[in-house]
Structure formats: structure tokens, C-alpha cells
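Asks: Quick mapping for you: the protein sequence lines, in order, are chains A and S. Here my numbering is used: the first residue of the first sequence is 1, the next is one more, and so on. Here my numbering is used: the first residue of the second sequence is 115, the next is one more, and so on.
A portion of the hints provided could be inaccurate.
Said to hold, decoys possible - Output of the computed footprint for chain S on chain A, the stretches with three or more beta carbons under 8 Å from beta carbons of chain S: (1) 14-25; (2) 52-59; (3) 81-90; (4) 93-104.
Stated by the list, open to error - Computed cross-link-like contacts, EDC-like style, restricted to lysine to aspartate or glutamate with a CA-CA straight-line distance of at most 16 Å: (5) A:K89 <-> S:D303; (6) S:K142 <-> A:D73; (7) A:K54 <-> S:E316; (8) S:K142 <-> A:E66; (9) A:K54 <-> S:D320; (10) A:K98 <-> S:E285; (11) A:K54 <-> S:E319; (12) S:K357 <-> A:D3; (13) S:K228 <-> S:E210; (14) A:K89 <-> S:E297.
Derived by calculation from the structure, the hints in this document are not laboratory data. We put the CB at the ideal spot given by N, CA and C, even for glycine.
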Amino acid sequence: MADFSLEVKDEGDVVVIETNGYLNNVGGEKISQACYEKMENGKILFLLDLENSKVVNSIGVSILIEIIEKLQDVDGRLGYYNLAPIVEKTFNIMGLTKYSTVFSSKSEALEGMS
Amino acid sequence: MEISGSDQLEYYLSSLNELGEILIEADKVEQIGTGVLRLTLGTIMASKGVIFLYKKDKEELSFLASQGIDKAEPISPPKKFVENIKKYRYGHVVLENTPKWITGKLKKQIVESKTRVILPLFHQNHMLGVMCVSKKFMGEEYSSTDVKILEIIAHHLTKALYNYELIQDVEDKKTEINLKLLELETLFDISVAISSVLDTEELGEDVLWRAVGILNASKGMMLLQKETNPILEPSATFNWDEKTPLLSKKLEVFKKIEENNAGVVLTPENKVHLQKKLNEKHLVVAPLKAKNKTQGYMVLCNKETRHGIEAFNQLDLDLLTALCNQAAVAMDNAKLFKDITEAKQFNESILGSIATGVITLDPIGEIDSINLAGTTIMKMEEENIVGNHYMYLFEKDEEILELISSAEIENKIRSEINIPFFTVSKETVINMSVAPRLDPEGNTQGLVIALEDITDVSKVKNTFKRYVSKQVVDELLDDDAKLNLGGEKREVTILFTDIRGFTSMSEKMKPERVVSTLNEYFSQMIDIVFKYNGTLDKIIGDELMIVYGAPIAAENDTERAVITAVEMQDQIKILNKERKKRKEAPIQFGVGINRGLVVSGNIGSRDMMDYTVIGDTVNLGARLCSAAGPGEILVSDSVWEVTKENFSYNPLDPINVKGKKDKISVYQIQT
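Let the sequences and hints guide you as you build the complete structure.
Replies: What follows is the structure in C-alpha cells.
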């Protein structure tokens, strides 16, 4: 099976996670693991760059919801940018965008999260 | 210290007040369970207690909250417990001894928790759980008030659990509806893609991605089948790192799908060859079928859940089938569009590359297309032609209008050649053919006009037909390379004829008689010249100058020249018999033939230019003609050398000719 990979970068107070691959169970777990590790170090603002994750399934979405719930407990936030139309549509329908924000670009996202 | 009844009541009331706060504040069922259990045990002074939730679908009791004992794995209660506890649904059970209907792991828990009172948590006939409370502190017995308080708490807990279950149910339904909405949106998106994406590969990939995502599959591939290939071709894969194995369309699973006209769900129990080939146990496979023809298959692997992989179900197969049906129609459309585009491009490239102009007219006679050659012939831009009615476009050409109109009315092909085309210019000449445009049902959908500009051909014919035979003109037109009018050195055979005594003869004749005599003579002689493909170079008075080997050379140029001369002399005898009947004087002429190098080409001024040959060879031919007596054919050494095997010659004494220092050998043909 194709590997899901991600790159985690700190950009000021915001943690930017660039993903690559199918955002499913495997991909979602890797993202949540990266988020929780950063949360332990006090980070509460997270941005996902989904440019290279063109497909997401509902398991991936449910893991993102878990991350959002955990972030809500610490007044944190999750945002996304570079979403493929099909991914954005899925996020909208599954109600993810009610509790997290979709940005149109990285600069807008960094500005919106700070 | 004695506790008064009113103190006790106040304590219970404050507990109930606290219960209300717990139920209002808690937003998770676990918080409700823990809060209510603590409050209950504190209120009636008990040390241990458990609240179990009953899950009807799994028929198990799971720990919602516990105090004084460790939480354990969910318990499957005995059926008798579920049946008996229902009898106490709005009350309680005080356990003196463990009743017979409490057995197994449940009994063990009851014993360990020293449960004294069991409070069933029922909403109508539906069991939501049970609350177990241990003996009171210091073994004190439960009073009726204690039990009443326990029942009140249990009723409130029941209501809270029911509400929670309702909320949970709504949340689940909401998620379910969202998923259904996502499925519908996916189907809708694909239906949109049918009309927007026209690349079959892109379309296949798009549908596969959506199918994998919507069905929570871990990976997938789209296989296309071609009639000529026994192997299914993987046209798109998603999340598939491994090399795709060779899959024959004869595999049992594909045959089964074809026979049953339905896809399949494969689980580890199935053990079919496809699972082995793909090294995957959980598969869902649906055919891509359009117009009752299977185009291929969509294969998805491993339905993901948060807890691992589970089997695909019938709903998954139904959804994948719906996606595949749409995809197949879309791909069929895309393929059809591709075929039509290719056919159109092919037709356009043919129409664009041919020299014949092609104009199409719609059913009302307006021009809807013209190819490149058409615009070149018309000497107009396409935009100035398309959209106009043909009657407007060809208004200067009555003959053309009649031709088109006749094809239109009679619904038959009409052709005409050598039509002057005044639309372009007075000089333009075209060949035109008009044919009805028919649709597949044979209905007329307009006309197709093919036009060929033959102006140049016409000019060449007009120019050359006076000098050479039709055969030579056709040969020249067939192969431009043979036509070199720019001037070149070449070897030719020259034939001269000259009527003997014509000047004195003509002095006795009326001028018009002179002309008619010459015309009759030349007409018959030139017919013979053209018969043997000679080129009539000049008519000078009563003289003819004929060339063989220019503009087109042939191996037997000299033989043809000699035959021409012989036949001319034979023909003049026939003509003279006619003339004798008409009481006219006979015509006699001499012939001289020479062969050698000349310069050929279009010679003259800009206003008057003729194709001719010049040089000593020409002069000697003329001298030989001058030397020839009436009815005599004299040839030079070069002609004799080439034709001596085929003709009989009398060698004559060499003669002096003007411009030549030495005498020239001369041969006379025996006729």
C-alpha cells in the first residue's frame, strides 16, 4: 500500500503539517499522532496543507474530528488550505468546517490562525 | 448524634437538587453516570455501586460507572435476567440471596460489589441499563425512604440515559445522513463529469478516487477490457504501490459477474483466485457496463474502520455498482466523443489537404463550411463565405446557380466541367459537382459542392493545343516535371515542309481561295503531325516547321518524324485526287528532316512569346527542305543513322548548304 507521509513545521505559534497521500485511517492516525505530540509541548494552533492529499475518506474525517475535539478542550484550533474541491466538499458535508476553518492559501491561513 | 426526620428530608432534598445540577451540567454520558453514582451512594450511605448500560443489539451490559469495584469487560447477562428484571422496571429488587435468574459473570459482579438493591433503568419496555447499589454503611438496613430516593434517582437517570440515547441516535443518524449525502453528491459529481470530462483516462481516475473515498476502501483499481486482449488492462489505480498483477478476463469471478450481471463482495471465506492474485481478502468488485456491454471492472480492497478492516456489505456493492454504471456511461460518452473528434479531424485533414474545394450547404441553402482549397479557389476569406446563401455568393454565375438548384430540386448529383467562374474572374474556369448531403436515415440535409479550378489547365491546353497533340497536352498536364519552358539544350528532330511553286500558283488564285487551299492542306498535314505527337512549331507562309523531342522527348522521335513525312506525302496524293476532281491544281511539297542539338524554350517578348527551338540543327533542316524537290523527303546523316534499319534510303551526292563550309551528306527516302 502507498505510504502516507507528512512533514511538520513550526511557523511561529502555528504548526503546519504538510500531508502526502490518502487521508484515511493510516493517514489520519499519523496526523493525530503528530498533533498530539505537539499539543504535549503546548502547541494549540494547527494547519493542514492538503495539497498532496486529494482523497479523504470518512475515517480520516472522524480522526480530524477527534483532533478538533481535543483542541477545543485547550482552546486550540485546526485549519486547512490547498484543499482539492472533492476534499473541501467532503469536509463541508461531514460538518467539519463548522468547527475548523478552510483557507484559500497558506498566507491567508497563517494570518487567520494568529 | 440523633438525626431528625426533617434533617434527613432536607439532606435528601439537597441530594435531589444536586442530581438536577449533575444532569444539567454533564454533557457526556460518562459524566452523568459517574456523577449520579457518586450522588446515590453518598445519599444513602453505601460504599459500592455500578451502573451498567444495556446494549440491546449486542445483548451485553457494559460499565458506565463504578465505585468501590474495578470496571470489567462487558458482560452478557443471562436471558432470564433480562426477562425477570423487566418485572421490576418501575421499582427495585432487594437481594436477600442471589436469585436464580442471576448467574454467570453477572452473579460474580453482584457478589463482588455486595449488591443489595438493583434498580432497573427502563424506558417503557426498553431496558437502558441497571444500577446496583451495595449494602449500606455499617450494615444498616435500607429504609423505605432510602428505597424511594433510590427509585427517584433511578427514574431521573433513566430519563437522562434515554435523552442521551436519543441525542446519540440523532448524531448517528446525522452522520449517516451526511454519508448518504456524500454518496449522492459523489453520484451527482460523476453525472456532471459525464458532460464535462471527455478524457476517458481522466474520467476513470476521477471515478476511482471518489469510489475509494466514499466506500472507505484502502485502495482500488479500474480494469478495462478490450475484445482483442485476454488480459484486463489496469487503466487507473489508487493507493496501489504494488505492481498490478496480470488479470485475465477469464477469471472465475469476472465470469460470475458477467453471468449474474451483478458485482460481488469477497470476504476471507470466499478464497477466489482474484483474492490470491491481489493478495487481498476483502474485495468488492463491480462491472463497468454501458449499453449492455461490459467495459471493465472496478475493484476496491479493504473497507476501513477505526478498529481495522471489515467486510464490504451489500450497500457498499450497491453504491459501487451505481458509481460504475454512471462511470461506464460517462466513459462510453467520452470514447464516443473521442471517436467523433478523431473522425472529424481526419475528415478535416483530408478536406484541408485536397486541392478540390469543398463547400457544404445547409438545408436552406446557406453555406456552413468551406475547406482551405475552397477559399483559395474563391479567393475569399472563410468568414466572408460561411453563413451566406449560395444564391448570393454565386449571383454572377447563372450556370452555377442552375447546377446547384437542379441538384437541390432533383436530389441528384449534378456535374459540369469547364464552367466560367465569374464570381472570381472572367478568366477563371472550374469543374463543379453538386451532391445531396444525406443523414444516416437517407434524408437530405443540404448539399455538398466540389469545385476544381482548371484555369491553369485550360490556359495550358489553349496554349499547347494549337501546337501539339491532345496526347502530349495530357502528358504535360499529368507530369509538370516534363514541362521545362525556361530554356534548355536538348536533342530534337526537326521536320520542314514547303509547297513547291505555291507562290506562282497563288498568283493565279483569288486571295480567299489561297487561304482555303492552305487551310485544307495544313489541316490534313497537321493532323498527321499530331497523330505522331509532333510539335507544330511554326507555320510560315506555306511552310511548316515541326519538332519531335520538345517539349517532351521520346526514344523514337526521329522515327516518328520520318513516318510523319512519308504519311504526309501519301496524304497529299489523296488530297490531289480530290483537288483534281475539283479541277484544282495539285499541291506538291518537299520535306527536310534533321536531328541535333537545339536550344528550346519560350522565346519572344513579354507581349508575344512562343515555345520554339533555335540553332544550326534547325537551319540545316530548313536547308534540306529547300533542297528537296516536289514529293521528295531528304534527311541528314544524323537522321539516316538512326532510321536506316527501318526505312529505305537512296544516298545522294553531298550538297553545299548556306553557312556550312563542308558538303553535307543527304539521303532520300524511297517512297
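Asks: All hints, please: hold or fail.
Replies: To see whether the hints hold, each was checked on the structure:
no.: 1; hint: 14-25; result: holds (count 4)
no.: 2; hint: 52-59; result: holds (count 6)
no.: 3; hint: 81-90; result: holds (count 3)
no.: 4; hint: 93-104; result: holds (count 3)
no.: 5; hint: A:K89 <-> S:D303; result: holds (11 Å)
no.: 6; hint: S:K142 <-> A:D73; result: holds (14 Å)
no.: 7; hint: A:K54 <-> S:E316; result: holds (14 Å)
no.: 8; hint: S:K142 <-> A:E66; result: holds (15 Å)
no.: 9; hint: A:K54 <-> S:D320; result: holds (10 Å)
no.: 10; hint: A:K98 <-> S:E285; result: holds (15 Å)
no.: 11; hint: A:K54 <-> S:E319; result: holds (12 Å)
no.: 12; hint: S:K357 <-> A:D3; result: holds (15 Å)
no.: 13; hint: S:K228 <-> S:E210; result: holds (11 Å)
no.: 14; hint: A:K89 <-> S:E297; result: holds (11 Å)
Comparing the model with each numbered hint stated earlier shows that all of them hold.
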